[in-house]
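Q: Take these sequences, add in the hints, and give me the full structure.
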Amino acid sequence: MKKIFLLLATTLTMYAKTQSIVFGAGCFWGVEKYFDKLEGVTKATSGYAGGNYENPTYKMVLKHRKSTDNVVNHTEAVEVIYDDSKISTEQLIKAFWELHDPTQGNQQGNDRGNNYRSALYYTTPEQEKIALATKEAYQKLLTKAGYSAISTEIKALEKFYPAEDYHQNYLKKNPNGYCPNHATGVKFEKVKNSTKTISPLGGKEIIVIDAEHCSFCEKFKKEVTQSYNGTIPLRTAHEETLKGFSLSSEIKGTPTILFIEDGKEVYAYTGAMSQKEFYKDVGAFKLGLDSEGYDVAFKKKTDGRFCKQYAEFKHTGDGVFRDKISGDILFDTKDRFNSGSGWLSFFKSVDGSTVEKEDNSFGMKRVEIIAKKSGAHLGHVFNDAPGGRQRFCINATVLEFVPRTELNNTKGK
Numbered sequence: 001m002k003k004i005f006l007l008l009a010t011t012l013t014m015y016a017k018t019q020s021i022v023f024g025a026g027c028f029w030g031v032e033k034y035f036d037k038l039e040g041v042t043k044a045t046s047g048y049a050g051g052n053y054e055n056p057t058y059k060m061v062l063k064h065r066k067s068t069d070n071v072v073n074h075t076e077a078v079e080v081i082y083d084d085s086k087i088s089t090e091q092l093i094k095a096f097w098e099l100h101d102p103t104q105g106n107q108q109g110n111d112r113g114n115n116y117r118s119a120l121y122y123t124t125p126e127q128e129k130i131a132l133a134t135k136e137a138y139q140k141l142l143t144k145a146g147y148s149a150i151s152t153e154i155k156a157l158e159k160f161y162p163a164e165d166y167h168q169n170y171l172k173k174n175p176n177g178y179c180p181n182h183a184t185g186v187k188f189e190k191v192k193n194s195t196k197t198i199s200p201l202g203g204k205e206i207i208v209i210d211a212e213h214c215s216f217c218e219k220f221k222k223e224v225t226q227s228y229n230g231t232i233p234l235r236t237a238h239e240e241t242l243k244g245f246s247l248s249s250e251i252k253g254t255p256t257i258l259f260i261e262d263g264k265e266v267y268a269y270t271g272a273m274s275q276k277e278f279y280k281d282v283g284a285f286k287l288g289l290d291s292e293g294y295d296v297a298f299k300k301k302t303d304g305r306f307c308k309q310y311a312e313f314k315h316t317g318d319g320v321f322r323d324k325i326s327g328d329i330l331f332d333t334k335d336r337f338n339s340g341s342g343w344l345s346f347f348k349s350v351d352g353s354t355v356e357k358e359d360n361s362f363g364m365k366r367v368e369i370i371a372k373k374s375g376a377h378l379g380h381v382f383n384d385a386p387g388g389r390q391r392f393c394i395n396a397t398v399l400e401f402v403p404r405t406e407l408n409n410t411k412g413k
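So that you can map any letter, position 118 of the sequence shown is 118 in this note's numbering, and since no number is skipped, the others follow by simple counting.
Simulated from the structure, these hints should not be mistaken for lab results. Only a predicted model underlies this, so the values are computations on that prediction, with no experimental measurement involved. One or more hints might be untrue.
DMTMM-like, lysine to aspartate or glutamate: derived pairs with alpha carbons at most 25 angstroms apart [what the hints assert, rightly or not]:
# : residue 1 : residue 2
1 : Lys37     : Asp69
2 : Lys43     : Glu240
3 : Lys37     : Glu218
4 : Lys365    : Asp384
5 : Lys308    : Asp335
6 : Lys86     : Glu218
7 : Lys372    : Asp359
8 : Lys314    : Glu400
Between beta-carbon pairs, the in silico distance windows are [what the hints assert, rightly or not]:
#  : residue 1 : residue 2 : range
9  : Val367    : Val71     : 25 to 33 angstroms
10 : Lys140    : Leu62     : 30 to 38 angstroms
11 : Glu223    : Asn383    : 33 to 41 angstroms
Backbone N, C-alpha and C define an ideal beta-carbon position, used for all residues, glycine too.
A: Printed below as a string of structure tokens:
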């Protein structure tokens with residue numbers, strides 16, 4: 001399936017479809033570690049939720065763990081931010097039930113107190129429906145296995161308070177730290193034949209081969225693929241799910257990044273590439289090593305004045321220009337003007353999309369403009385625009401134009 005990404009026209013930034021939900025399943029160190037590793041989870045944060053007082057601290061939560069007065073204590077909880085196109089809400093909530101023992105009341109194992117109670121705090125009506133439906137289904141499985149009634153608190157999230165910094169990623173900082181397993185061992189029935197094979201899409205595509213419990217795969221996902229917005233489709237798969245591809249390389253480790261054209265491998269790289277290395281390879285794959293665009297992006301060459309691509313872009317209608325390599329939006333026609341120089345000219349770039357670097361090459365003192373994500377050379381900035389403003393002098397061969405009316409329907413192609 002081709003990668004589909006949405007563009008927010010108001011901010012001109014890419015975003016994934018994400019949701020948030022908060023789980024309490026005992027000591028939050030292990031819960032955070034568990035959810036942080038799930039495919040589709042973009043962030044897991046330890047904290048506190050469910051109480052009736054503001055700004056809780058770890059000391060305050062421990063102080064009230066046996067409270068019987070009118071203080072409703074917070075429970076140790078984890079806020080999970082997830083991309084529901086990669087992991088469904090049902091999958092996530094089922095994982096929560098299987099992670100711990102939801103029948104123990106104010107404890108998990110030897111951890112005693114109301115701050116260890118099982119809890120699920122939903123943020124959407126759909127999450128609530130799924131939570132209640134899966135609770136009912138899981139209760140039947142628990143009862144059959146000899147467990148008592150589920151005591152999990154299920155209600156709408158009022159507020160989540162992130163825990164102190166030393167609690168965040170605690171088990172990464174302290175690999176021998178306390179991480180008990182409170183799971184009952186009772187699991188939902190797995191859907192048979194759920195492993196899907198993937199076949200060539202035709203044309204150019206990128207396949208990332210990963211594996212379970214691969215820390216390098218997780219690193220590559222977090223640093224590169226989660227923020228990928230390029231127009232070449234990118235999919236992640238296990239080696240055994242590939243069908244119909246012609247590969248010349250032996251997959252000896254993960255992640256392995258395969259650059260495919262019409263089902264045939266063009267190039268493969270094994271290991272967690274850095275973001276800049278990845279986009280340099282994407283540039284070579286999409287543009288071609290001998291292309292003018294590649295020379296501009298990665299050899300800091302300059303388009304010829306009034307080049308063909310400039311002529312095509314000069315009179316476009318309303319829209320945006322995005323990085324031909326990363327897909328990120330870099331410039332807006334609202335900021336464009338005709339400088340008569342023979343290169344595209346803008347008063348500014350989209351906020352946060354570019355970086356500036358001193359360039360003293362060829363005996364000149366200039367400021368180079370670089371695409372923040374891909375590292376591609378875009379051009380230079382000068383202080384000679386009308387009204388004393390800056391002129392971003394940009395090469396056209398590294399850009400793609402998208403009409404504003406098509407922003408919300410842009411697809412990888």
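Q: Could you grab the alpha-carbon distance between Lys37 and Glu218 and see if it respects the 25 angstroms cut-off?
A: Answer holds: Lys37 to Glu218 is near 8 angstroms, not above 25 angstroms.
Q: Quickly compare the C-alpha distance for Lys43 and Glu240 to 25 angstroms and report which way the hint goes.
A: violated (28 angstroms)
Q: With 25 to 33 angstroms as the target window, see if Val367 and Val71 comply at their CB atoms.
A: violated (58 angstroms)
Q: Holds or violated: the 30 to 38 angstroms window for the beta-carbon distance between Lys140 and Leu62?
A: 35 angstroms Cβ-Cβ, so the 30 to 38 angstroms window holds.
Q: Lys86 and Glu218 were given as a pair; does the straight-line alpha-carbon distance stay at or below 25 angstroms?
A: holds (14 angstroms)
Q: Holds or violated: Lys372 and Asp359, Cα atoms, limit 25 angstroms.
A: Given that 25 angstroms is the threshold and the Cα spacing comes to 16 angstroms, the pair holds.
Q: Need the status of pair Lys37, Asp69: alpha-carbon distance at most 25 angstroms?
A: violated (38 angstroms)
Q: Does Asp335 sit within 25 angstroms of Lys308, going by the straight-line distance between their CA atoms?
A: Holds, because 22 angstroms separates the two Cα atoms, which is no more than 25 angstroms.
Q: Checking one constraint from the list: CA of Lys365 to CA of Asp384, max 25 angstroms. Satisfied?
A: At roughly 14 angstroms apart (the allowed maximum being 25 angstroms), Asp384 and Lys365 satisfy the hint.
Q: Can you let me know if the beta-carbon spacing of Glu223 and Asn383 is within 33 to 41 angstroms?
A: holds (35 angstroms)
Q: Quick one, are Lys314 and Glu400 close enough, alpha carbons at most 25 angstroms?
A: holds (12 angstroms)
This entry does not satisfy hints 1, 2 and 9, going by the numbered hints stated previously.
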